[in-house]
Amino acid sequence: MLGKLFKYEFKNTAKVMLLIYGMFAAITLLGTFVLSWDSVQKEESAALNFMLTALIVFYILSVFALFIVTYVYMCLHFYKTMYSGQGYLTHTLPVKSSTLFHVKLATSMVWMVCSMALLILSIFLFVLSASHGEIFSSGLSAELHQVSLEFEQELGMSLGTFCVHAGFSVLLSCLSYLLWIFTSASVGQLFSQYKVVAAIVTGVVLYFVEQIASLIIMFTTGYTASMNETTVSITGINAVPAGSGADSVFPALLGNTYIWSILLCLVYYIVCRVIIQKHLNLE
Amino acid sequence: MSALIECKDLTKSYGKKTAIDHISLSIEGGHIIGLLGPNGSGKTTLIKMLNGLLTPTSGSLYFQENPIGAESKKHISYLPDHNYLNMNQRVSDIIAFFKDFYEDFDENRAYDMLEKLQINPRDRLKSMSKGTKEKVQLILVMSRRADLYVLDEPIAGVDPAARDYILDVILSNYEPEASILISTHLIADIENILDEVIFIQNGTIRLTASVDDIRANEGKSVDALFREVFKC
Numbered sequence: 001m002l003g004k005l006f007k008y009e010f011k012n013t014a015k016v017m018l019l020i021y022g023m024f025a026a027i028t029l030l031g032t033f034v035l036s037w038d039s040v041q042k043e044e045s046a047a048l049n050f051m052l053t054a055l056i057v058f059y060i061l062s063v064f065a066l067f068i069v070t071y072v073y074m075c076l077h078f079y080k081t082m083y084s085g086q087g088y089l090t091h092t093l094p095v096k097s098s099t100l101f102h103v104k105l106a107t108s109m110v111w112m113v114c115s116m117a118l119l120i121l122s123i124f125l126f127v128l129s130a131s132h133g134e135i136f137s138s139g140l141s142a143e144l145h146q147v148s149l150e151f152e153q154e155l156g157m158s159l160g161t162f163c164v165h166a167g168f169s170v171l172l173s174c175l176s177y178l179l180w181i182f183t184s185a186s187v188g189q190l191f192s193q194y195k196v197v198a199a200i201v202t203g204v205v206l207y208f209v210e211q212i213a214s215l216i217i218m219f220t221t222g223y224t225a226s227m228n229e230t231t232v233s234i235t236g237i238n239a240v241p242a243g244s245g246a247d248s249v250f251p252a253l254l255g256n257t258y259i260w261s262i263l264l265c266l267v268y269y270i271v272c273r274v275i276i277q278k279h280l281n282l283e
Numbered sequence: 001m002s003a004l005i006e007c008k009d010l011t012k013s014y015g016k017k018t019a020i021d022h023i024s025l026s027i028e029g030g031h032i033i034g035l036l037g038p039n040g041s042g043k044t045t046l047i048k049m050l051n052g053l054l055t056p057t058s059g060s061l062y063f064q065e066n067p068i069g070a071e072s073k074k075h076i077s078y079l080p081d082h083n084y085l086n087m088n089q090r091v092s093d094i095i096a097f098f099k100d101f102y103e104d105f106d107e108n109r110a111y112d113m114l115e116k117l118q119i120n121p122r123d124r125l126k127s128m129s130k131g132t133k134e135k136v137q138l139i140l141v142m143s144r145r146a147d148l149y150v151l152d153e154p155i156a157g158v159d160p161a162a163r164d165y166i167l168d169v170i171l172s173n174y175e176p177e178a179s180i181l182i183s184t185h186l187i188a189d190i191e192n193i194l195d196e197v198i199f200i201q202n203g204t205i206r207l208t209a210s211v212d213d214i215r216a217n218e219g220k221s222v223d224a225l226f227r228e229v230f231k232c
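Chains as they are written, first to last, in my numbering: chain A, 1 to 283; chain B, 1 to 232.
Hints were generated in silico from the structure; no laboratory data involved.
There may be inaccurate statements among the hints.
[Unchecked claim] Straight line, CA to CA, 25 Å or less: simulated DMTMM-like cross-link-like pairs of lysine to aspartate or glutamate:
1. A:LYS96 x B:ASP106
2. A:LYS96 x B:ASP123
3. B:LYS130 x A:GLU283
4. B:LYS220 x B:ASP147
5. B:LYS99 x B:ASP147
6. B:LYS220 x B:GLU191
7. A:LYS278 x B:ASP81
8. A:LYS80 x B:ASP123
9. B:LYS133 x B:GLU103
10. A:LYS11 x B:ASP100
11. B:LYS8 x A:GLU283
12. A:LYS4 x B:ASP100
13. A:LYS4 x B:GLU71
14. B:LYS99 x B:ASP168
15. A:LYS96 x A:GLU9
16. B:LYS126 x A:GLU9
17. B:LYS133 x B:ASP164
18. A:LYS7 x B:GLU71
Same shape as in the complex, but just chain A (with noise of 0.2 Å):
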């Protein structure tokens, strides 16, 4: 069944985003081919300058609508096959309401690891295509490298590490997201009425609760104080010794940002699972 339950899933989510993801392989083609020119690398005329300028702003504004309507339609698939008038057909499927959940879960966030892997693509083409291909020059290693020293010194952590942390930082960021509109969502099916305005409310209602939630905690383990005099320490008004600024307190602050994106995707995932199995209100 859980086979068959990611087959429709997919099958029923594909054709939109495979239209999305057609229309930014077309931009990063059309980018990567103007960027290929000699002329406009070198901005020999204002038209080319302008036009560059241009390709540039839209690029920039695909990259956000890549993942503004990969994110929106995957909230509004859930709502649609699971509190509109498509769950009757999804609740009355002979199989657990968790598994339901789980799996339009775990789709929508392969949808938006693709969307992510499509934009890391489209960004290396592009540099590929500005630097004609010299980016795979022996210079590359040897700046890397010099990167991943400064990297080490200023943040506490290799290169390699930092995107290591980087990607798995973005992935929890969109499992919360994702959370943060599904139990938005199951909330607001449980009123009688104006649900789509419940579940609205309530997201926002989230949200703030979220925000000042993480403030305090900031403010109380002392947080705030370490961030000030980090930042600091990297625009350089002060100059601190390794080892009392970024450093240390970056490794820190990722550990605490983590244990944070984890805790709140566990209370959302939990209210989440409880209103499906227990307080389903297809009224």
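Add chain B to chain A, keeping to what the hints say.
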């Protein structure tokens, strides 16, 4: 013989409003049962709880001695009172979906019924009329070899000729050992096919009786008794 459906002190409230009020009920299998009551009497709420779409506020509900869940959904074929399918899908895609998820789904039976009705399986639901969509939904539900068919207002909102057709589809396609629970307020149209009736009003059961007993003891049709019981 164990009960097909058993409710014990079942209650469902929406805030201060009580839709189902401490109902205790036991329904045996192998019958066509009419769940009859005026609008807002709690018919749909009871049906939704039976299909796991609503959670009871208190009390318990069992199907074949099991609580409502994944297992009971394998044996109950449910027709809601509105469209619940993805309108962008083709009928053939939906049939494939049902075949994948319901072991008791008879694909040939579905295609036979579609052919008799001259509905093209390649058509998308969104391109169909309201009546045709309802027929497709009924075909999907009746193509399962389920133990219980739960039909919520299957003849409401359709013309009399279509009503006869729908009732014919129901009668000619359900499994002989299976049960059908039909919710409606159009008693006269379905009276002839019913074995038993449950009268429900304001979330409470007013009467459970066999149709033969009503005719013999009351000397009235179910429709006449309904009008008398629920007289405004």
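We went through each hint and held it up to the structure:
Among the hinted pairs, LYS96 (chain A) with ASP106 (chain B) is consistent with the structure: their alpha-carbon atoms are about 23 Å apart, no more than 25 Å. For the suggested pair LYS96 (chain A) and ASP123 (chain B), the alpha carbons sit about 31 Å apart, so the restraint of at most 25 Å is broken. Between the alpha carbons of LYS130 (chain B) and GLU283 (chain A) the distance comes to roughly 22 Å, so the proposed pair stays at or under 25 Å and holds. Simply put, LYS220 (chain B) and ASP147 (chain B) have alpha-carbon atoms about 31 Å apart, too far for the 25 Å limit, and the pair is violated.
The straight-line distance between the Cα atoms of LYS99 (chain B) and ASP147 (chain B) is roughly 17 Å, inside the 25 Å bound, and the hint therefore holds. The suggested pairing of LYS220 (chain B) with GLU191 (chain B) holds, with an alpha-carbon distance near 12 Å, which does not exceed 25 Å. Taken as a hint, the LYS278 (chain A) and ASP81 (chain B) pair is honoured in the structure, with Cα atoms around 23 Å apart against an allowance of 25 Å. Our distance criterion of 25 Å between C-alpha atoms is met by LYS80 (chain A) and ASP123 (chain B), whose separation comes to about 22 Å.
Restraint check for LYS133 (chain B) and GLU103 (chain B): the C-alpha separation of about 23 Å stays at or below 25 Å, so the hint holds. Of the supplied pair hints, the one linking LYS11 (chain A) and ASP100 (chain B) holds, its CA atoms being roughly 14 Å apart against a limit of 25 Å. Between the alpha carbons of LYS8 (chain B) and GLU283 (chain A) the distance comes to roughly 21 Å, so the proposed pair stays at or under 25 Å and holds. Using a Cα cut-off of 25 Å, the hinted pair LYS4 (chain A) and ASP100 (chain B) holds, with the two alpha carbons roughly 7 Å apart.
With a C-alpha separation of about 17 Å, the suggested pairing of LYS4 (chain A) with GLU71 (chain B) holds against the 25 Å cut-off. Distance hint between LYS99 (chain B) and ASP168 (chain B) is fulfilled; the C-alpha atoms sit about 23 Å from each other, no more than 25 Å. Of the supplied pair hints, the one linking LYS96 (chain A) and GLU9 (chain A) holds, its CA atoms being roughly 16 Å apart against a limit of 25 Å. Using a Cα cut-off of 25 Å, the hinted pair LYS126 (chain B) and GLU9 (chain A) holds, with the two alpha carbons roughly 20 Å apart.
The hinted pair formed by LYS133 (chain B) and ASP164 (chain B) meets the criterion: a straight-line CA distance of about 17 Å does not exceed 25 Å. Note on LYS7 (chain A) and GLU71 (chain B): the hinted pairing holds, with a Cα-Cα distance of about 22 Å set against a maximum of 25 Å.
Hint compliance for this structure: hints 2 and 4 are not met, and every other hint is.
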